[in-house]
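Protein sequences, first through last, are from chains A and B. Numbering (the numbering used here) for the first sequence: 171 to 463. Numbering (the numbering used here) for the second sequence: 31 to 323.
Worth flagging that the hints you see were computed from the coordinates, not collected in a lab. Fair warning: there could be bad hints in the mix.
Computed spacing ranges between beta-carbons, pair by pair [what the hints assert, rightly or not]:
#, chain 1, residue 1, chain 2, residue 2, range
1, A, PHE289, B, ALA303, 23 to 31 Å
2, B, ALA271, A, ALA229, 25 to 33 Å
3, A, SER367, B, LEU245, 39 to 47 Å
4, A, VAL264, B, ARG37, 33 to 41 Å
5, B, GLY120, A, VAL264, 36 to 44 Å
6, B, ALA50, A, PRO378, 20 to 28 Å
7, B, GLU317, A, LEU323, 35 to 43 Å
Some chain B residues well away from chain A (every beta-carbon gap over 10 Å; in silico) [said to hold, decoys possible]:
#, residue
8, ARG75
9, SER85
10, GLU88
11, ARG97
12, LEU109
13, GLY112
14, GLY173
15, GLN182
16, GLY269
The C-beta atom is built at its ideal place from N, Cα and C for all residues, glycine as well.
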Amino acid sequence: MSVALIRNKDVQVSATRSHAAWPIGTLRYLIAATFTGFCLFPFYVIVTTALKAETAIFAWPPVWSFQPTLQSFYNALFVFGGRSAVSYLINSIVISAVSTFLAVALGAMAAYGFARFSFAGKGRLAFWILSTRFAPPVAFIVPIYLMVQKVGLLDSHIALILIYTAMNLSLVIWILRGFFAEIPIEIEEAALVDGYSRLQIFWRVAVPLVRPGIVSAAILSAIFSWNEFLYAMVLTQSRAATLPVYLAGFSNSMGLAWGEYMAAGTMAVLPILVFTFALQKYLVRGLTFGAVK
Amino acid sequence: MKLAVERRRATLVLIAPALAILLALNLFPIVYALYISVHYWMLARPQPPRFVGLSNYEQLFFDERFRNAVLVSLKFIALAVGTELLLGFGLAFVFNARLRGMATLRKLTLLPSLVMPLVVGLVWFYMFNENFGIVNWIWVMLGGTRVPFLTQGTLALLSIVATDVWQWTPFVMLVFFAALQALPEYVYEAARIDGLSGSQIFFRVTLPLLRPAILIVLIIRAVDALRSLELVFMMTKGGPAGDTEVLPWYLYTTGFMSLDLGYAAAMAVLMLALVTVLSQLFVRQLESRGATP
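One chain only, chain A, in its complex shape (with noise of 0.2 Å):
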């Protein structure tokens, strides 16, 4: 009976009305607060630990109120041991822009290409790019270093922006695809009566109908380029390393500069909670690949 009460959304909804089905909606919020509340814990540590001033960092027992300070902002941005995050912050803005940039355009171009068009292999060739996606940076890193030692571009942007269009390229062309695919084919077909070549159809035509799949594949790989740790570790020294470099730092700090990392970690997070707010709705599409709508 309870099971069916828990699945059954016709049975739910006069749950909520009728007297004997009380308890089970207050279980649910309970399990439902408490589980929310456990996945936001963190945020509020990593924030409030950078407003605390040192003594309160180490506390024991932990102190919860306290006078919020800016000073670990302030040290992490401009006088933390010459190593100030500001670089590291726009060497991460110019590189998840350029890239997701670049994922975008061309990833849209593909699935469209994908979505529109039929061609000898295409199955194979649209479940190999699938298969990308599963690549895993650590695998590839020993390759990917010698290749970008090669061409003389270790510490460079554009070594970093083109292995992270590659990494969301997958990801792009596997949402847009379903976008394009659910455009009514009549819509086009009358552009090319009106004597649009097929790429101008493309971006005049398609482009703008499939706007809000564009947006939530370009936040998506933003905040995949935004995050992405391994590469930036190794293929970045100063000149073109990003905010997880930065933050990968903490290890050589003895523990002490909780702080200014947390800080620093602030920043890293803060971008990133105003966009999932944004997508919301493609997230779990997005990420399963449309497997899951």
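For this one, chain A is given, so just place chain B on it according to the hints.
Below, chain B alone, put in the same frame as chain A:
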């Protein structure tokens, strides 16, 4: 005739750029990794790489540390992904109710899956700290004594598992939630008319219908857990005594601390073989669901 030529040209223009990037940064590195793996190849040595046949692979076979890394990785994947699937599955049923505020709670649980893994490692490293960590504080409040979470063998691995569970359970839950929402209502009506009990409906109707979603999320999580090294990098560096030395971490240290690229490439090739098998399973799953490109 002219149209057919234009179509072919358009297809090529659309797909070629994305394909070129993937060939250069996905397919070529795999071939190159194979090439490196049959050489004695030290980074930053003046001597040129020397062909050694399969001796790197042979060495792997007798390498205790490699065997340990494989075991630790398997333990990590089994514990983390297993817990995430069980918890996520149960929670999906909890969240699957049309109750006021439930959607907001669900949206908030999304946040951990999008956070930079390095920051996740940083904040949990802080919370697991023996001297001032909040996890210890809660443990002491509950009547225990301080626990060295990250410096004691089994506990260190379990702490990393717990961290991974924090980050990925919500994603698993959201996938199952979406799958539950997509289940057709009429199937349940039919089952009720047939007089099936609550548990019968669960085991004979819901569970079989959710099988594809279970497989998809299982594969995605297994592959991602296999390649993750950020938590280990931030929290334990593979210690104590190799108890948290997962395969990616051993590969990374072999390549970029011991500078033995040939040996690291051999590990990478084995890892790629495993990931290829898993990604093919994933592709099959999608294909069987009619996701034709």
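Original post:
Does the no-contact call for B/ARG75 survive, Cβ to all of chain A over 10 Å?
Top reply: It holds; B/ARG75 is separated from chain A by about 13 Å at its closest Cβ, greater than 10 Å.
Subject >> A/ALA229 and B/ALA271 - C-beta distance against the hinted 25 to 33 Å >> reply: Cβ of B/ALA271 to Cβ of A/ALA229: about 31 Å, so the range 25 to 33 Å holds.
Subject >> chain A versus B/GLY173 - minimum CB to CB distance exceeding 10 Å, so not interface >> reply: holds (15 Å)
Subject >> Distance rule for B/LEU109, whose beta carbon must clear each one in chain A by more than 10 Å >> reply: Fine: 18 Å to the nearest Cβ keeps B/LEU109 off the interface.
Original post:
Between A/PHE289 and B/ALA303, is the Cβ distance one that fits in 23 to 31 Å?
Top reply: Cβ of A/PHE289 to Cβ of B/ALA303: about 30 Å, so the range 23 to 31 Å holds.
Original post:
Is the hinted range of 39 to 47 Å satisfied by the C-beta distance from A/SER367 to B/LEU245?
Top reply: About 43 Å separates the Cβ atoms of A/SER367 and B/LEU245, which means 39 to 47 Å holds.
Original post:
Measuring from beta carbon to beta carbon, are B/GLU317 and A/LEU323 in 35 to 43 Å?
Top reply: holds (38 Å)
Original post:
Is the hinted range of 20 to 28 Å satisfied by the C-beta distance from B/ALA50 to A/PRO378?
Top reply: holds (26 Å)
Original post:
Do the Cβ positions of B/GLY120 and A/VAL264 conform to the proposed distance bound of 36 to 44 Å?
Top reply: holds (43 Å)
Subject >> 10 Å Cβ clearance of B/GLY112 from chain A >> reply: holds (18 Å)
**OP:** Would you assess whether B/ARG97, listed as outside the interface, keeps its beta-carbon beyond 10 Å of every beta-carbon in chain A?
**Re:** holds (18 Å)
Subject >> Pairwise beta carbon distance, A/VAL264 to B/ARG37, judged against the given window 33 to 41 Å >> reply: holds (38 Å)
Of the hints listed earlier, there is not a single one the structure fails to meet.
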